Amino acid sequence: MGVEMQRRDFGRLALGLALVPAFGRGAHAAGWGDVVAAAKGQTVWWHAWGGDPKINDFIAWVGGLAAERFGVTLEHVKLASTADAVAAVVAEQAAGKTSGGSVDLIWINGENFAAMKAGGLLHGPFALGLPHWRLVDVVGKPVVVTDATLPTEGFESPWAIAQMVFEYDSARLAVPPASMAELGDWIAQNPGRFTYPQPPDYLGVTFLKQVLTTTIDDPAKLQRPVDPASWAEDTASLWATLDAMHPNLWRKAEAFPANEPAMGQLLADGEVDIGFSFNPGRASAEIAAGNLPETIRTFMTAEGTIGNASFLAIPFNSSVKEGAQVIADIILSPEVQARAHDPAVLGFQTVLNLAALTDEDRARFTALDLGAATLTPDQMAPALAEPHASWSTGLAEEWQRRYGVAE
Amino acid sequence: MSLNLRRISLLRLVPGVTIAALALPVAAGLWGTISPAMQPGAFRAVFDWPGLWPAARLSLVTGMGSTFAALLITLLVLAGLRGTKVYSALIRLISPLLAVPHAAAALGLAFLIAPSGGIARALSPWATGWQVPPDALILNDPAGLALTFGLMAKEVPFLLLMSLAALPQTDASRRITLAQTLGYSGAMGFALVVLPALYRQLRLPVYAVLAYAMTTVDMAQILGPTRPPTLSVQITQWMTAPDLTQRPLAAAAALIQLGLVLGALAVWRGGEATVARGLAALAMAGHRAAWLDRLVTPLAALLAGGIVAALIAGLAGLSLWSFAGLWQFPGALPDSLTAQVWMQAAPGLAEATLTTAALALVTAGLAVALTLGCLEAEHRFALPASRTRLILWLPLLVPQIAFLPGLHGLSLASGAGGIWAVLAAHLTFALPYAFLSLAPAWRAYDQRIAPLAASLGAGPARVFWTLRLPMLSRAVLTAGAVAFAVSVGQYLPTLLLGGGRIETLTTEAVALSSGGNRRLIGAYALLQMVLPALAFMLAMGGPALAFRNRRGMAA
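Chains V and P, in that order, are what the protein sequence lines are.
The first sequence: position 398 = 398 (our numbering), numbered continuously.
The second sequence: position 18 = 18 (our numbering), numbered continuously.
In short, the hints are calculated from the structure, not lab data.
All values derive from a computational prediction rather than experimental measurement.
A portion of the hints provided could be inaccurate.
[What the hints assert, rightly or not] Partial chain V-side listing against chain P, Cβ under 7 Å, derived: (1) A37; (2) G41; (3) A80; (4) P151; (5) E153; (6) A188; (7) G192; (8) A220; (9) R224; (10) D227; (11) A288.
[Claimed, not checked] Label pairs and their calculated CB-CB ranges: (12) V:G64 x P:A461: 49 to 59 Å; (13) V:K40 x P:L337: 39 to 49 Å; (14) P:L262 x V:P151: 32 to 42 Å; (15) V:E233 x P:A45: 57 to 67 Å; (16) V:R69 x P:L93: 47 to 57 Å; (17) P:L299 x V:N190: 54 to 64 Å; (18) P:Q328 x V:P219: 53 to 63 Å; (19) P:S319 x V:A220: 31 to 41 Å; (20) P:A122 x V:A302: 34 to 44 Å; (21) V:A363 x P:D335: 49 to 59 Å; (22) P:G325 x V:G64: 35 to 45 Å; (23) P:L262 x V:K40: 54 to 64 Å; (24) P:L72 x V:R402: 35 to 45 Å; (25) V:G120 x P:Q39: 14 to 24 Å.
[Stated by the list, open to error] With a straight-line cut-off of 25 Å between C-alpha atoms, the simulated SDA-like cross-links for lysine to any residue are: (26) V:K54 x P:Q246; (27) V:K97 x P:Q246; (28) V:K252 x P:P125.
For every residue, glycine included, the Cβ atom is placed at its ideal position computed from N, Cα and C.
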């Protein structure tokens, strides 16, 4: 029943998609008109991590726009972990609930997306049919169509780009390390002043990927699924780096912070001198909110840092898929993207191609004061591609095997 | 007559309904756990995990250690401080402290004891010379001492409350006075003549504390070690892993956790027998131990005072954070104060507060009604108490994370999701606590009163409504307040069974606490405390006010 229904949806949308390139904007505008009409009066339950009040406020603001302009009611379900929403859809599928699902829209990426896509839990493809899709920078920012090397194929729509950035207090540290190797030296000379979130936390695994990407002999290997035969050899440089690093980490690596906010708190409390986050605008936003001192600055190592996009996906059993698509499209509009880019709001990087915007829309971005702690586009190092999702799982498991249990 | 018959037969049904409310969700949920655990390789995978024994040992040591310490401190307070000013101050603080959600208490303590925390800030740099926090492993220590301390601090108020409900039935004052006239010290008298009667009524609450302490997830995540974490935290991680292949592993580990809890209960039971033999020998020896009070009273004041001070200081720190602007180490106070967090939190608050209060009120009402119905049926039809006792255990012994996903599947399959499923789950968890809190006082109620009333022509219903209920009103209201607080504190059931669409103060607070924002956590923790604190104040103060002219009931 569920499979059959999905197949029907898939067929209809595939047909719609096929028409898009052929007839250009006008053709799907008509189809989109139907979507907008159907969306009116719908209530969309968006499951998104609720740990950051700034993001929660932003989502509420988007909800205001949706209600005002499209008559769509947006309800934010604040999650402690995205896996909770994935688990809900899995349970609903297992119970045969193919419509009226509890999740209408989900903030997702990486392994959660891979798991849901493989399990047939997603509605789509829908993203390429959104009117604002033509503004998305699919060439300059390939991370918007590739989620941890898995092509999104329109099953999720990007809403923000994130890139790993290091944060430090310039009052305590004048010149930050310029490369990953220098960071290693700095840790050895300043014991107890650096740490990373404990894998399998998302940001912790990102740090492992950062070290691996910058030390592996051939980074192209990371774009393919893990090869069990060469796993030990491919990851040896990572474990050697960590083995050398751990005795000089915060608490001698006997304890680790739980996640990005916990590590941010350590930086705020002065327990570490260098932290990192997955949002180049976080430091400025936190300074503006009074959570970090004004002396905090950010840097990227010369090799570049891991970058990816955050996405929106629609579960297969949502009964308000039109309303969910309207929300996904609103979020791609220049107005909303520029607001998310404002460090006083979120400080996220935009998924749009600024060159494709009208002058008026482009000015929304260029007029923003990005804050003293945010790197300008020319100060940013290149975004390193996320390894294939199988590397994340493998790294998290191997880390736990090696370091997860104290000797 | 026919009306009366029908009422009796309805009452007869209550124990069955109660058992169903307790057992069905757990049984269904457990089935949802056992079946994946039986998949080939699930148990092997758990035993292959090198962290299993350290994690299991941690659960055992922190759970049993904190339960033992909490019980000991509770008994020391009862033995050494009754009748003192410190005691009455402690009693007044029980309700607000009990109302503090576990996660909030843990976060408060974490901030207090961290190297960059409240204590270090208060002493730096003038006494310590620290300009940056020392690199010391106090929080999340591998031995789980911080976790043990946190659990102990949070359970002392609960055990004290349970003791308060049970104490009047043990005739404590007269017994101790009698012992003292024979030359025994107050503490020795307490241990020999009150403790045996008291512990009989305290036993079930103690078991509940032990099972909770061994399986808690939120407190262990905040205060406990991480390499490895306690078994229940690890199960939660497996349960919520995105790739879904670790569910069987989590289910198998949950069954091991269940076995661990049962084993710990058996060991505890053995310990009880040993202590009982020791006390009997002590009584036979006839030591008066006149010096004992000089030791017990200050020790009890020190320990209880220390715990209360730590909890309050931690919460005060969190409250201060909710108004703090930039607050860097080693500043003892924030650089500036702002109401920004409260302004931001205010809009979402009113609705969540209403939902929370409504759910908790209905849950508490149903829990108390069912408990009263069971106890009254047990009394009138002379049903054996043991029948309900075993069932009561289920929701308290089986780790929530083990049977809730199974329950979720059931609610989806039956189409009974949403608010009713959430209410049913709240009832399942609140009912045992209401029962545990009320049953001892109810069963110990002076059995001579009912026959006396009957001899004056009162039927069983009249005895119930005009004598039992008013005379036990404090115990009944306390049970209601406990059920209310349990309902307010539910996170996983509300999230899972409500499909995320039912927002309570707790679901909001836990979602926010995953972001580690001390300012918002402080704001929500304060608000989360207010509702249950009101319920407890009502339970303690209501009867005292209503019966202020009845000696023996006002206290």
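Out of the numbered hints, which ones does the structure contradict?
-> Violated hints: 1, 2, 4, 5, 6, 8, 9, 10, 11, 14, 15, 17, 18, 19, 21, 22, 26; rest satisfied.
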